[in-house]
Each structure stands twice: as C-alpha cells, then as structure tokens.
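A.B. asks: Okay, here's what each chain looks like letter by letter:
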Amino acid sequence: MLELPALGWQSIVIFVVFALSLLIATYCTYAERVIAAFLQDRVGPDRAGPYGLLQPLADAVKMFTKEEFFPGGANKALFIFGPCLAMITALMSSAVIPFGNNMSFGNNAFFLQGIEVNIGMLWVFGVVSLGVYGVMIGGWASNNKFSLLGAIRAASQNISYELAMGMALIAVLMMSGTLSLREITLQQSAPGEWAMWNIVRQPLGFIIFLVCAFAETNRTPFDLPECETELVGGYHTEYSSMKLGLYLFAEYINIFVASAVMSVLYFGGFNFPFQYELRDWFVNSQSWELASAQNLITLLGTVGLFLKIFAFIFFFMWIRWTLPRFRYDQLMRLGWTILIPLAVFNILLTGGLILAGVIQ
Amino acid sequence: MSPLFLFLSFVALLSALGVVFAKNPVHSVLFLILTFFSLSGHYLLLNAQFLAAVNIIVYAGAIMVLFLFVIMFLNLNVDTEPHKPALAKIAAAVAGGSLLLILVAALKDVHPVGVTGTAFNSQIGMVDQLGLKLYTDFLLPFELASVLFLVAMVGAVMLGKREVGERNF
Chain E
1 MLELPALGWQ
11 SIVIFVVFAL
21 SLLIATYCTY
31 AERVIAAFLQ
41 DRVGPDRAGP
51 YGLLQPLADA
61 VKMFTKEEFF
71 PGGANKALFI
81 FGPCLAMITA
91 LMSSAVIPFG
101 NNMSFGNNAF
111 FLQGIEVNIG
121 MLWVFGVVSL
131 GVYGVMIGGW
141 ASNNKFSLLG
151 AIRAASQNIS
161 YELAMGMALI
171 AVLMMSGTLS
181 LREITLQQSA
191 PGEWAMWNIV
201 RQPLGFIIFL
211 VCAFAETNRT
221 PFDLPECETE
231 LVGGYHTEYS
241 SMKLGLYLFA
251 EYINIFVASA
261 VMSVLYFGGF
271 NFPFQYELRD
281 WFVNSQSWEL
291 ASAQNLITLL
301 GTVGLFLKIF
311 AFIFFFMWIR
321 WTLPRFRYDQ
331 LMRLGWTILI
341 PLAVFNILLT
351 GGLILAGVIQ
Chain Z
1 MSPLFLFLSF
11 VALLSALGVV
21 FAKNPVHSVL
31 FLILTFFSLS
41 GHYLLLNAQF
51 LAAVNIIVYA
61 GAIMVLFLFV
71 IMFLNLNVDT
81 EPHKPALAKI
91 AAAVAGGSLL
101 LILVAALKDV
111 HPVGVTGTAF
121 NSQIGMVDQL
131 GLKLYTDFLL
141 PFELASVLFL
151 VAMVGAVMLG
161 KREVGERNF
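Protein sequence lines, in the order shown, are assigned to chains E and Z. For the first sequence, UniProt numbering assigns the number 1 to the initial residue and increments by one for each residue that follows. For the second sequence, UniProt numbering assigns the number 1 to the initial residue and increments by one for each residue that follows.
Worth flagging that the hints you see were computed from the coordinates, not collected in a lab. A virtual CB, placed ideally from N, CA and C, is assigned to each residue, including glycine. Take the hints with a grain of salt, since some may be wrong.
Listed next, the stretches of chain E that the computed footprint assigns to chain Z, with coverage defined by at least 3 CB atoms under 8 Å from CB atoms of chain Z [unchecked claim]:
#1 133 to 141
#2 155 to 167
#3 334 to 341
Hey, can you work out the whole structure from these sequences and the hints?
C.D. replies: Okay, here's the thing in structure tokens:
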C-alpha cells in the first residue's frame, strides 16, 4: 500500500485544480466568441494579441474598471453576496473530481484529485443543488421585477431537472455500487480485460443526464433565467462591473464541472484505450521502471480527460449557437413529463438487466 | 471537546438565533441554511458522511429553495406585517421558555442505552454500511417510505400535466 501524505503534495493538487478551473473559465469566454463567430461566419475577436488570445485579459480590465452600480431599494448586502455565492458554489464542486490516477515518487504518492471521499458523487450533487442560491439571492436583492422573475425561473428549473438528473445517476450507481468518482472511473477500465465505458451500458441515462446538465448550468436552450427577449437580462439585469463578471464566470466554471462529471461518469474519466498495453510496452520493451511508466500513463490519462472535457465544452457552445430557446412551459413539460418517466424507466431497465446478468 | 465542534456549535446557535431575530424573512431563510450547514458539519464530526451530504442536498438544496421561492413572492416587509398584541408576545415567550425548561430537564440525565464505547462500530455512518442496514434490518419501512415518495412525485407530474383542451398560449 502506498503512503499518502495528507497535505503537502495534495495541497499543490488542490491549488492547481483551483487555478485550472479559473483559467479554463477565462478562456471559455474567448472560445465562446470564436465558436460563435465560426458558426455565424464572422471573424470574431482578433484585435487583442495574436488571434485575439488576450481578449479575456482585456475583458477583465474592462470589468474591473467599470462603474459599480447599486439599484435604488436594493438589499445591498445580499446584492453583493449573490455573485460571491454563485462563484463559491461553482468552484467547490471541482474538489472531488478525479483528474488523474495516482502519481508516485519514491515513497510519496498522491492522487491527481482534490480530495478522495466515498461520497464524491453526493458532494457534487449537493453543491450543484446549492448553486441556485447565488442566482436567487442576486435576482431578489436587485429589487427589479425582471430580476425576480429570472431568479424564480432559475429556482424552479433547477429543482425540476435535479430530480431527473439524480435518477439518471442512480442507474449508474446501481452498476458501480459506489459513490466515489475515483472508483467509478477505475471500474470503467480493468487491466487485462475489456471493460466498457459507462456510455455503452447507460446510453439512455447519459442522454437524460446531458439534457439535465444543460438545464442545471442555465445554458441555451434552457437559459430561461436570463432570457433577454423576455426579461431584459434576467437575474443579472441590474448587475454591472465585476459582479456581473462573477456571474458569467460562475456559469463557465459550472460548464467545466458538468463536462468533467459527464466525462468521469460516462466516458471513462482518465482512462484511455490501450493504456495498460502502453504501460507494459514501456516496461518490457523500453525497460522503464514500473512506477515511472505508471506516472507517464497517469499524465497521459489527465491529458485525455481534459480532451474529453474540452469536447464537451465545445458541445455546450455548439448547442448554444445552433438551437433556439425553449418556451418556459415547454421546458417544464420536458422535465416533468418526459425526462422523469424516462429516468424511472431507465432505472427499471438497468435493474432488470442486472438481474438478468447482462451487465453488472 | 474539539475546537471544530465548538466552532460548529457556535455557528449553529448563532445562525439559529438569527433565524428568529432577523427582521427580513429572506435573511431568516439564509440563516436557516447556514444552520443546516453547521449541522452537516456536526454529522461529519460524527463520521456520518452520507447523512451530512443528504442533509445538504435535501434540506439546504431543495426544501429551503422552495421556502425562499415562496417568501420572495409574498413581498413580506415591515409595512405589511400584522401588528401582534403585547399579550400574545408575552404568552409566546412563556410557552417557549417552559418548553425549553422541560426539554433541558428531561434530557440532562439521559444516557445512551445499548451503546458501549468499545463495541461501537465507528463506520456505521459510511454509505455502504448504512445501505446494508437499511436493506436488511429496516427493509419494509424503507420501501414504504420510497413508495410514498414515488406517489408524491407522480402526483406532482399529474398536477403539472396539461388537461384536455387546456392551452397555455
């Protein structure tokens, strides 16, 4: 058994995960514009730096230097607290995501994961369910009817889709038998045998989870809380400067976390095809030590996981610039009368298949 | 008593008092959420991870969102609050105070029965142990409760379903 120091290496991993979430969210704003420009046959940002790569920096300067505006009659404390809460809850959920297998140097070993707990999936679910408070508090404290309507929409939408999301998740947990995201990842690949990623065994569950992830992150076609054709700007109508920036940032971090969770649950996480064969090839043909070969595979797996995450983020943006927004009653009908019965059916199907011994 | 326990108890009591004393109902709800968080911290100290997570998901994540939802619609503030007579306030204080007295008197000499420190399984709060317990010793009540939840959910879907001839637009 490898010895794992409680702090030390692990704290570096936590810091790196934190920094990476922020960096990815920053460049998501750039990617969103580039993808929007590509899909609409425009040029997109190209002025700040080569290919417009410094655009997020220019945006940050703009956000920080704009006037801070407080609407009359607003609850000032909660008006400031709202965006902070949105940001905190968005950043908290990346703590339990396994970004890689373990690395070992001599006697030191550590997981490429913030914390490894046996309730990992419940943690993500709990933090996601808290995410709506930032939007609700901000929308209510603005003292604006449009903001309040946006906040109410966000709350009812999140609660409705959480149900279907949780039940899609139950089907995965029935197969894995554990709530630890690391265990779920490891189960999707075993050395020496063919182990399928969960997407093969849970295609219906994945589709339900994907739709719910769009609703939970308030992305088009479910971005009713900030629907600008009906509600001016939705819950962030009254927000300006960096407080608005925090809301937009929190949305991109949520997309990043949702992509990471979907990659881990359904697309094998840090596993990639032929990883064990590659490790054995390094050990046998190139006469590497087992530990350093394992470390290399871990790093490659982390790169693989990030490629999967980026693919999902691209998918989120692709959908945003392709599909129009739902009407609110259509959104509710989809959640309650289609997704929830489908998720219940998926649970029954999974249970039946497990009983019949088709999947385990 | 560990410093963490003291800190969590302090936060729990302070935010519980905040629920009662806050003038603004939205502040009360937010204080209640903070109380639930500190209670979850207590569950973690008791090695009950599953309970801590579920407490956050169900109470802080779902029920309190609905509370906040309703309160935001009601437009409760000082102007619309009905005036309560002094007699009602005094009666409430006396009744609440005597309930507290009775509870403290009843609970101060309580000893846990059937639990010995050496034989106690400290892993009982872990999710796998809890699941085994629920699905073996408490199977029937557990299944009945889950049927109840399923009925409630189907009822919600039925209420939200579009009736024949009804149009939203």
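A.B. asks: For this structure, which hints from the list above don't hold up?
C.D. replies: none
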